[in-house]
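Starting from two chains that each stand alone, build the complex the way the hints lay out.
Residue numbers (my numbering), protein chains in the order written: chain A, 1 to 456; chain B, 457 to 792.
Worth flagging that the hints you see were computed from the coordinates, not collected in a lab. Keep in mind the model is a prediction, meaning the values are calculated, not measured. Virtual Cβ for every residue (Gly too), placed ideally from N, Cα, C. Please note that the accuracy of each hint is not assured.
[As the list claims (entries may be wrong)] What follows is a list of derived Cβ distance ranges for each label pair:
#1 A:Arg359 to B:Leu527: 29 to 39 angstroms
#2 A:Arg359 to B:Arg557: 25 to 35 angstroms
#3 A:Phe128 to B:Trp518: 49 to 59 angstroms
[Said to hold, decoys possible] Interface residues of chain A toward chain B, partial, derived using beta-carbon atoms under 7 angstroms:
#4 Ile194
#5 Glu201
#6 Ile202
#7 Ala205
#8 His209
#9 Asp211
#10 Leu213
#11 Phe365
#12 Tyr427
#13 Phe430
#14 Met433
#15 Leu437
#16 Leu438
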Amino acid sequence: MRQYANVFTAYTIMIILIILVGIFQSWSVALTILNFCLVSAVMTMGANIQWGYAGLINFGIMGYTALGGLAAVLISVAPVQEAWAVGGLDMIICVGIIIGMVFSIRYVLKKIQKSKKRNYIIAAIIIFGLILLRVIAGPATEHIEAVDPARTGFLGGLGMPILFSWIVGAFFAAGLAYIVGKVALGLRADYLAIATLLISEIVIAIIKHEDWLSRGVKNVIGLNRPVPYEVDLQSSPWFIDLVEKFHSGKLELINSLTERQDLLNQLVIEASSVYVKLCLAGLFLVVVIILLIITQKALYSPWGRMMRAIRDNDEAANAMGKNVVKEHLLIFILGSAVVGIAGAMMVTHDGLFTPGSYRPMRYTFLIWVMVIVGGSGNNFGAILGGFVVWFLWVEAAPIALFLINFFTSHLPETNALKIHLINSAPYFRFLTMGIGLLLIMRYRPRGILPEKIIKQ
Amino acid sequence: MDFINAIILLLNYIVVPALSYGSQLALGAIFVTLIYGILRFANFATGDMMAFGTMFSVLLTWYFQSKGIGLGVLPTALLTIPFSIIMMILYMLIIDKLVFRYYRIKKSPPVQLAMVSIGVLFVTQAIVRIIIGPFDRRFLDGEKFILKAIEFKEMTGLNEGLTIKTTQVITIVVTVIVVSLLFWFLNKTRTGKSMRAYSDNEDLALLSGIDPNRVVMITWMIAGVLATIGGVLYGLDKSFKPFVYFNNMLPIFAAAIVGGIGNPFGAFLGGYVIAFAEIFITYAYKKFFMYLLPESLEPDSLMQLLSTDYKFAVSFSILVIVLLFRPTGIFKGKVL
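The shape of chain B in the complex, shown without the other chains (with noise of 0.2 angstroms):
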């Protein structure tokens, strides 16, 4: 029975968190591993762009509040996401025109394409900001939860509870489907196909009759699609505040670089390997250990081997080990 408890401890307070939390980096770093794959730089807007995204969807959800239109027991925000991922993929594309498009033609190196993206940072910053303000804002409505901690307990008997919220399932399903339809359409479909041979080698794929802005406008408008549900997933989850939005840009990029940039499902995977870090190390195990050993044995300390400030270090600390010893990602990057 005790095992029992300790393992139903780990899922409530590792495991589905971890799920849920790996699968909205997992979709932000496959975000930018697309870009630096096919754009070939890396994008500093990332977080903001997500922002960008996901404020509409905030927007919209208000209005359709308001009209009286909603999902029932699913959040409403659920019903927003098509018409956000327009608005989003509308925005990459006014950017890529106005700012980065200048850079691809005349080859610039990627380091001053970053650079520029510093600039798209600032400007998404500052046009998130001044729209719906730099706040706090909560937009989940429906039903909370799909399981109770009292709910489960009474069913099992058991001590341990476990909870496991909508937006969890939703996050987890959601990001199964979205990342499922994107492998399918980067290996099955033409248009697929194309965007890896340019990412793979970008001359031979100009000489093989690949039309480059089609490439580049596809890209986009995957991007604007993962962003905007990444994002709206984050904040149903979480909530919606720029500045938090801002911040998990570095743990996208560590995800994205521990699986190896420019290869989708490392980076998939990548979102995984940090949010179980985070929470593994930073996890206090004392009551694991309660159940586990006898009472002699119990632990005094709390059993955590970081304290949980230290949760966007552990990422930080695995990418600077992964750079330093295998530079190229867990699976090997640069291309789709």
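So here's chain A without its partners, still in its complex pose (with noise of 0.2 angstroms):
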């Protein structure tokens, strides 16, 4: 029972730090954090299962949770007829064309020996492919981004609802996970980190571009939800009997039935959307339990015994018969996968999907920067550290605020250096992070809650 109390101690304070939020300043506020330290949390689980147990790095987390969010799309906004109708077909064919282009090179690739004349077909395929996608894609995408364009302009999803995005999420981080692997995992660590890097930008400026997809950087907005909407609830007479019963205190002090009433609607507005986030987190958690479940019962299997020791020294394990490369590819695609679960999920929360805002320091830097805080190969370390440094980076800036102001407290309002710190605390969030990160790599590089290897 010992081992477990430091996770204990930890996630506990981590909770009444929530909750003094909470108190202090909101619910919502809190809940919204609570949120997305759950979704950082599934991230970190990602990330670690590809650093923590295999010791390969990935830093195009944000393109496969990027991805995830694309899949949120995909699946759950309705699809727009007329585009369909104008350049849907079109579309397919596309995807046929880039289909038969794969599998027409590898039969290449199987068939012809390595020479100059296999080189020849291939690049010759791939031209003769591309001319054949811009005849066909550039009317296309003209006409299906002519679509009333100001609301849809692009193909539209299946339709069905948004949960199953996180499934389906999953795959195509998984299926980016596969090509990036297949191309990238021989590369020496330094190297498949800048590669991943900028193989993660490249998607990014795929989705940003590509309107007649997911509507580029015009964003798509209003998704529908898994949970009800505040509007919804807050006409309910459910709801509404609920929130007077849980404020029945309250409501009793006041005596003028007008005001009451007024106390009442207000109140009504804030649980709906206490609610709403109460439910989503309950949504989160069951993920992060399902998949801590999961990646414990990995961990402690053969096969997670099998990953240390390909991680620790993967030439022994090449010799002990382990085949490190299939391993790795497969621990790639896992670890993607869990992260774009994460990016559906993230997209599901917000309600809407703007691939501009996928940039690699909130989205790449900040997770490693959670898991090597976290701890590296423990999963309750991985999502200690998403719940620790995401409520970092939120209250950051306000903790700056309340210093610069208290320090500078005999300065008068005027005062130019007072008014330059106020205005740049919110940077102070980075400085937060990257001396944090400084501080743990040299004091504790194992991270607060480091792995722990159960002698069996």
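Dropping the structure here:
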């Protein structure tokens, strides 16, 4: 039991911190933080599977997150019939052409010996395919994007419940990870880091600029939700009754009927947003717990031991007959799929998909800070890292503002330095992250909750 | 005549911009490569370190402008470069002492140093944004153009104009000077040779009495010079915005790896390869073909291989292709 004492203390402190935010700021803010902590936890679990279990460095987390988000759009948005009518067929043909290109190249690679001739044939297939794609896809995308460009201008999705996208997002991310893994996993660690970072930028560039797919930087808003809408809640009697019961003490203190009604209305509005966020938090928590159980089981299974063996000494593992290349690819795909789930969850939470907001600072490097700070190789550590770092990331600015005001309280309001510092309070979050990461790496290099090996 | 027009068109829209952009990338790429060759890690704080140096240049330019000090037709920023370089080197040496030194002595794996550099990236970014803010700053003054399109048209009587900005010429001239000085230093001086020896084989270099601390210090100093000059030139040519500098890290990495990481000459050429590829592939050749082809054959479309949105994606794709088929880069890397 003692080995779990650390874990227990760390999580208790974290929950108390979030409750404190609820008391001092507002419950809505606290629940938003909690939700994003849970999403971050899923992301760090994905990164932890790759880095902590297998020592694979993946700086492309942003790309997989965005693909998860894309899945949310493609699953939940209703199909745009007009767009399908003008360009749908052409787009399907294009997909067919791409598949045909891939298979013909594979065929050539298999059938013809390595030679100049083979290279020329492959180059010819690629160039011919690209020209064909341009000829067919060019007009089709123009037509699709011309369909009511202010509202749609894209093919739309399948019109299914958005919860399905959590699984589909995982498959999208896994698909990308398969390609990236096939291409890049043979590289040395730091090359792999750079390659994955750049590939994720390519993915973002494509999502941003292929408007027919997901409206690009014009964003998709108003995605459907797995939880009730605030407006519906505010008009449903059972919810108002519930709020009334919950706050009955407070309401009875007021005598005037109209004032009581006003207060009740206000409470209902507040409670509806809290209720929605609680529902989301419940869904996210289910995902986190399921993933935690699976990853814990995997970590202490023979497979997990093999992964650690490969991480610590891949040559020895290879000599023992383990297929290092295959296992690396597998774990790269699994980790990325988990990140894909997180991407879909995030878009579900926001209800909108904004490709322009995917930036490596927020979606790649911050997640890595979470993994390192929390403790790589330990699932509880990774989740805790997600919680701690996201909490600091959000709360660093208010804390910095408070400290600035405190230390400059003797200065007049018009002091240039004071105004400058107050204006730059949001950037103290970068400072906090950086210094936090550097300190942890220096003095506790295995993270807050280090990996522990249970001897069997 | 049409043929000359077509050539001028390409010169104006591809060659001149690509040369100056390539020079800026080249300086950054040599910075990355030096750090990689001697300190043996991929420095993810590259872009933000460049922003740090440029920030001082911007601040000093404002100060000099308020005092009425300037260089006439040349931008005042050139005058501020030496001071910015000193600040940049100081910052780098402090960071090295506080952060990187510990891991170097412990002989940590390169991946760990790369992680540490992410911490430095966060800190540097915060410092830059706290001091100067995240906004777009232009600090170019003096004469803006050396050759304007209209003047060129009048001079030659051609249809196409050729514009040459002062910053483009300054960029290319300064880059050539800095890079030739660097190569002279690395190849001819004793210190430079000791750096190359250290990069080639650390243990052997230590055995022959090369002081590692000195090598590392000089590396950071050269890196500071390159980072500041590269950053200021980019800022003069475009504008200074911290976020853009962070993003520039990516094509810079691409340039360094394409050229063969650890090889300064490769990095130098890699910068131009990336710049030319980006601009060649995303340029719309419609007008070019209009000059060359008879009227009946004139193209309807823009004749663009890829839309300009994919500018960055081009350089990354080149990098991925190079990594796949020749992981050591065009020129074999790993040794200075």
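How the hints compare with the structure:
With their beta carbons about 37 angstroms apart, A:Arg359 and B:Leu527 fall inside the hinted range of 29 to 39 angstroms. Between A:Arg359 and B:Arg557 the beta carbons are some 31 angstroms apart, a value that agrees with the proposed interval 25 to 35 angstroms. Taken as a hint, the range 49 to 59 angstroms holds for the pair A:Phe128 and B:Trp518, whose Cβ atoms sit roughly 56 angstroms apart. The beta carbon of A:Ile194 is positioned within 7 angstroms of a beta carbon in chain B (closest approach about 5 angstroms), and the interface hint is therefore held.
With a cut of 7 angstroms, the hint placing A:Glu201 at the interface with chain B holds, because the nearest CB-to-CB distance is about 6 angstroms. The interface hint given for A:Ile202 is met, as the beta carbon of that residue sits about 5 angstroms from the closest beta carbon of chain B, less than 7 angstroms. Hint status for A:Ala205 relative to chain B: holds, with the closest Cβ pair at about 4 angstroms, below 7 angstroms. A hinted interface residue such as A:His209 counts as satisfied when its beta carbon comes closer than 7 angstroms to some beta carbon of chain B; here the least separation is about 4 angstroms, so the hint holds.
Of the supplied interface hints, the one on A:Asp211 is violated, with its beta-carbon coming no nearer than about 10 angstroms to a beta-carbon of chain B, more than 7 angstroms. The restraint placing A:Leu213 at the interface with chain B is violated, with a minimum CB-CB distance near 13 angstroms, outside the 7 angstroms limit. Against a cut-off of 7 angstroms between C-beta atoms, the interface hint on A:Phe365 holds, since the closest Cβ of chain B lies about 5 angstroms away. Evaluation of the A:Tyr427 hint against chain B yields a held restraint, the C-beta minimum of about 4 angstroms falling below 7 angstroms.
For A:Phe430, the shortest C-beta to C-beta distance to chain B is roughly 4 angstroms, which falls under 7 angstroms, so the interface hint holds. Taking 7 angstroms as the C-beta cut-off, the interface hint given for A:Met433 holds, the closest approach to chain B being about 5 angstroms. For A:Leu437, the suggested interface contact is upheld, since its CB lies about 4 angstroms from the closest CB of chain B, less than 7 angstroms. With 7 angstroms as the threshold, the beta carbon of A:Leu438 comes within range of chain B, its nearest partner Cβ sitting at about 4 angstroms, so the hint holds.
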